[in-house]
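Chains as they are written, first to last, in the working numbering: chain F, 1 to 100; chain Z, 1001 to 1453.
Calculated from the structure, these hints are not laboratory results. Keep in mind the model is a prediction, meaning the values are calculated, not measured.
Quick list of in silico lysine-lysine cross-link-like pairs, DSSO-like style, CA-CA up to 30 Å:
| hint | chain 1 | residue 1 | chain 2 | residue 2 |
| --- | --- | --- | --- | --- |
| 1 | Z | LYS1216 | F | LYS3 |
| 2 | Z | LYS1283 | Z | LYS1435 |
| 3 | F | LYS26 | Z | LYS1283 |
| 4 | Z | LYS1284 | Z | LYS1161 |
| 5 | F | LYS4 | F | LYS70 |
| 6 | Z | LYS1207 | Z | LYS1168 |
| 7 | Z | LYS1119 | F | LYS59 |
| 8 | F | LYS59 | Z | LYS1216 |
| 9 | Z | LYS1036 | F | LYS3 |
| 10 | F | LYS59 | F | LYS93 |
| 11 | F | LYS4 | Z | LYS1036 |
| 12 | Z | LYS1207 | F | LYS59 |
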Amino acid sequence: MAKKLIVACGSGVATSTTIAEKIKNKFENDNIDYPVEAVDYKSITNELPSASIYVYIAKPDQEVLDQAEKLGVSVFPGIPFLTGMGLEDTYEKIVEVTKK
Amino acid sequence: MGAFESTIQWVLNLGSAVFVPIIIFIIGIIAKMPLKRAFISALTLGVAFTGMNLVIEFMSNAVAPASEALALNTGISLPALDLGWTGAASITWSWVYAFVFFAIQIVINIIMLTLNWTKTLNVDMWNVWGKALTAYLVYFVSGQLWAGFLVAGIQVIVELKLGDMFQKHIEDLTNIPLVTVTHPMILSAVLMLPINKLMDKVPFLNKKANTDALRKKIGIFSENSVMGFLIGLLLGFAGAYGLSGSLNLAIQVGTAMTLFPMISKLFMQSLSPLADAMSEFMKKRFKDREVFIGMDWPVLAGRSEIWVTLILIVPVFIGFSLFLPGNIVLPIAGVLNYSIAVGGLLLTGGNLYRMLILGVLFTPLYLYSATYFAPILTGLANTTGAVEVDEGGLITWSTIEAPEFRIMFAEAFKGNWLAIGGAAIFIALYVWLYKVMNAEKIPSERYEAINEK
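Isolated chain F, as found in the complex (with noise of 0.2 Å):
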């Protein structure tokens, strides 16, 4: 299976590339190896069979998370990274799915 955590918002640039750039700090400080990769929620659908790890911004649709469950992609809610609530612990079980 595919090996890459994605996250995606509205263009693919600002939100998005936030997240992205946090989640790869705390990897690199965690010595965790894992790629990680800003992406356009536009062409979402696209996007997940070369996923393993989707980080959103805005809930997606119910279709894009049937498919996302389909391909055994793992789905977290990508807000906390910016607000600081819930950081830890939605970071702690992104890291877990790392590991598997």
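With chain F's structure known, arrange chain Z on it following the hints.
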């Protein structure tokens, strides 16, 4: 000229692809970033500037002859090249004063929070460029640098109060507690308000549409490559390029539109350690207090009404651009009008019919604003050398955000009495909007109740 001035001048003359990374490197060192990271961050910024220049040149070479052919073939002259927000942002970051606005935004926010004048903490440090753009626009038009900084300061305040007034609506639309949006694009709701009030009286416009199904059908059009392809194809045909030429132009415009966000991502990557440090600093200061976290608009991107509006307004936008007298802009890279879609969503609480009506009514405002903005953005690009514009060529941003606010205040500081009156009306409408949104029901409770009557 003294040694100091000549050194400064020499550094500025290096061009933005060298000069701005040096600033970022120095800021990084001051912020105690590890040397390696500060260097990579600075280098990425230089790469971003150069890459952006490359794509813009590529698009310009493809589109400029086509729009000349369009003018010859049809008499419709649309010479200003639309670079979209990604292009506008990269040019704005090359302005000497751009980085000062980090400090301005942070200081004003801290003061407002400390005095309890707002509940919103704006952690969106990326859109600091929006304040820099406002300041430059006002400075360019009025000739007064202080006026530019003043209006940018007003924008910081206005954004925070937007965050306050829309918070409960955004929480309802996204189901995420305590978040809000502080992006200036939603200022579009200010002028839309009177029309929305009129629409309250129309029974048909108080019904909810099911947009999820529609979004699935037309969602493909929101992909950058598809949108670019279609616009390129259209432009080719209108310029009598023939099938082969048109298809090639279509692929080229699709390429440019796909690459723009990829390059823009590099800016973000480079600036994110800095932006991150600043937003952490802010959050730490107000840790023990309940605040609304102000962020960029994508927190709302899960609402299908936004995407449906964005896509359905495109043909209207292009249609207007061809036929509106005085317009010089063909929407390309900025063709998706986020201001209309996101502002409309928040104002109407996700009522698609109203969003579309507002979209059609307000589209001309953006074209004329982009026409007005063209010499300004071109001027900035030429001064900083961020982008090479051909002699006599024009660049712009077809969906410039908060145009009414930016242009009205710029003209007001130039001493234009009409604009001074307009700015006063704008502020009055803004205050009205603030009251209306605070009193208004949250979106999920809005239209059903009216239906039952």
